[in-house]
Amino acid sequence: MRAFRALTLNEVRSSFRNRIALFFTLGLAVLFMVIFGLLFGGNNFSITYGVVDADHSAQSQQLIAALGHINGITVEQGSQSDEITRLKNNNVAVVVDIPTGFGAALTSPSAPPMQVVPYQGSQTSTTASIADQILGQVLNGFASKGAPQVSLAIPRSASVNVVTAIDYFLPAMIAYIILQSGINYVAIGLADLRARKVLRRFRATPLRPAQILAAQITGGAVIVALQLLVLILLGILVFQAKTHGSWLVALVPMVVGTAAFVGIGFLLTAAARTSEAARGLSSMVAFPMMFLSGVFFPITTLPGWLQTVVHVLPLTWLTDAMHRVMNDGAGLSEIALDCLVLAGWAVVTFAIATWRFRWD
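Per UniProt numbering, the very first residue in the sequence shown carries number 1; after that it's consecutive.
Calculated directly from the structure, the hints in this document are not laboratory data.
Some hints here could point you the wrong way.
[As the list claims (entries may be wrong)] When the alpha-carbon atoms are kept at most 20 Å apart in a straight line, the in silico EDC-like pairs for lysine to aspartate or glutamate are as follows:
| hint | residue 1 | residue 2 |
| --- | --- | --- |
| 1 | LYS242 | GLU276 |
| 2 | LYS197 | GLU276 |
| 3 | LYS88 | GLU76 |
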């Protein structure tokens, strides 16, 4: 334990001594938050729904009124053909089809289950995803009042939370920072120690590979925590991002996700002999994951076969967990699967990295 503490303190001190590297490490979080904050921050949030009410019941009118009462939401009603045309012309973000029988499903326990179907067009997929999320939350508000027969084709959380674009991007950026820092810090740092023959000198001591890797995990976690602190404070205090879940719950996927990506960094180190090679491998792993795992573009926009593939990637599960907690107010039980998958990645990668560890 004493050796582990000494190694960890050495890692943290080394990071703080290299002030240029520390500046750029924290600067990455600032840069991302400023860019997305300027693009999507503030209170100019607006989404237009096109609603096709085929039921014409008091209940369907209540649903339309509930949507219309949310700040930033505009509701336009019309026939299905008219609203689909508006969708194709990007005049509405989503068309909501309220089918015949909607009111009966709310009032009669014997009525068949009913789904309200959203149609998405070519507007930004993020806007459409936020629109779907708000609709799902409103519908679940109906369900919480004793109407379990009605659902959205894409189920969402049970509380009604207005999610703006910056609210939606903040958890995604948290996941991205964990990915970048977790992989790069370990892969490049450990490869550099090997290139400078530091690991070879460690070999002459009683230190075990697991102790060295554990110290790297802890040191990496400190750097990630600093980046996330800067990112979150900027998002909330400067760009008015709002969160709807518990930060204690959000901390769980953050920690497990950091361990998973640090483990991936260990695996890359086993394959790279120099810090330059480690940097290249890190980019090859991080960039495809960034674009395919729902960080900037929801995975629902991907082809069906690719959606199946990306569910293997740890960033998909981390992004999903952060959105569920911070946007939907999900509890720990609702993100248990996400955390288990991330923990599995951490355990497997750490075990393989320990097995394949090279001193030189």
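Verification of the hints:
A distance of roughly 39 Å separates the Cα atoms of LYS242 and GLU276; the hinted pair therefore is violated under the 20 Å criterion. For the given pair, LYS197 sits about 16 Å from GLU276 by alpha-carbon distance, which is consistent with the 20 Å threshold. In summary, the hint linking LYS88 to GLU76 is supported, as the alpha carbons are separated by about 15 Å, within the 20 Å threshold.
In the structure shown, a violation is registered for the earlier hint numbered 1 alone.
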